[in-house]
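Given the structure of chain A, go ahead and fit chain B onto it with the hints provided.
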Amino acid sequence: MPEERMPDRSSLYIGRSGELAVLSEFLSRGYNAATPEIDVGEDVFVIEDGAEGYWPVQVKTATAKECDDGTCRAQFKFRRDQLVRTPNVELTYVLALRRKKRWASFLVIPRRYLNELYELGQLDQTTRIGFNMGVCVR
Amino acid sequence: MLQITQSSQRDGLTFSLNTKSELTLRQLDPKVRLLPRVFIAFETAGDFQNYRGDLYEQIAQLLTQLSEEELKEKFGGYEVIDPVTGQKYYSNA
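So the protein sequences, as listed, match chains A and B.
Numbered per our numbering, the first sequence spans residues 1 to 138.
Numbered per our numbering, the second sequence spans residues 139 to 231.
Since the hints were derived computationally from the structure, they do not count as laboratory data.
Small disclaimer: the values here were computed from a predicted structure and weren't measured.
By construction, the Cβ of each residue, glycine as well, lies at the ideal position given by its N, Cα and C atoms.
Take the hints with a grain of salt, since some may be wrong.
Unchecked claim - Computed beta-carbon distance windows for the label pairs: (1) A:T35 x B:S229: 37 to 45 angstroms; (2) B:E211 x A:N132: 28 to 36 angstroms; (3) A:E25 x B:K212: 44 to 52 angstroms; (4) B:P168 x A:L20: 39 to 47 angstroms; (5) A:E90 x B:R164: 15 to 23 angstroms.
Just chain A, same shape as in the assembly (with noise of 0.2 angstroms):
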């Protein structure tokens, strides 16, 4: 395995990498995935072989920073636009979060719940469009 190497487009580098690991965790589970040509605000498309619709998946990633108590924290971003709007088929969130030169967890939050944590006033808005969520992983 080469080492790390991040180019100035690091989190692009990172935020693929992190689409593609949840691709791979899917299949791996025994569910067809695939990407989408354009992006248009899915990451990854999960079908059931069989079953009628589909899963549309928003991929975010993080690097964490490891804390002195041995847990770590990450900040993932969100879009506004994107949590607030009710789609006609459900959004699923999949946290990928990268911890220690590997993917160590995968955190899935459908965009209902989480959107009820920003109308509640549980997430930070950093900018006019966007919202931090803080994760602690053991």
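Just chain B, lined up with the frame of chain A:
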């Protein structure tokens, strides 16, 4: 007043209660079974204009399980808004 959000999709509109309105309804009746969303499909965007008022009333009833009269009496009515811009599409107050 309760708030219903209206989100546009390519082939229609999706309506849902906002979180505070949902919590308000659940406090009133903890056993209430609320729909997470209602989707109205249209062939063209202009179709919705022809039904507008009537449809909002039916959508509100589906989402809240309450009649127009009950919504006015208990909450002072409801409004339908864009969740991103806050623009008001409809109000029965």
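Going through the hints against the structure:
Checked against the hint of 37 to 45 angstroms, the C-beta distance between A:T35 and B:S229 comes to roughly 42 angstroms, which is consistent with it. Remark: the range hint 28 to 36 angstroms for B:E211 to A:N132 is contradicted by a beta-carbon distance near 41 angstroms. Range check, A:E25 to B:K212: Cβ separation about 46 angstroms, and the 44 to 52 angstroms hint holds. A hinted range of 39 to 47 angstroms for the beta carbons of B:P168 and A:L20 is consistent with their spacing of about 44 angstroms.
Range check, A:E90 to B:R164: Cβ separation about 20 angstroms, and the 15 to 23 angstroms hint holds.
Checked against the numbered hints above, the structure violates only hint 2.
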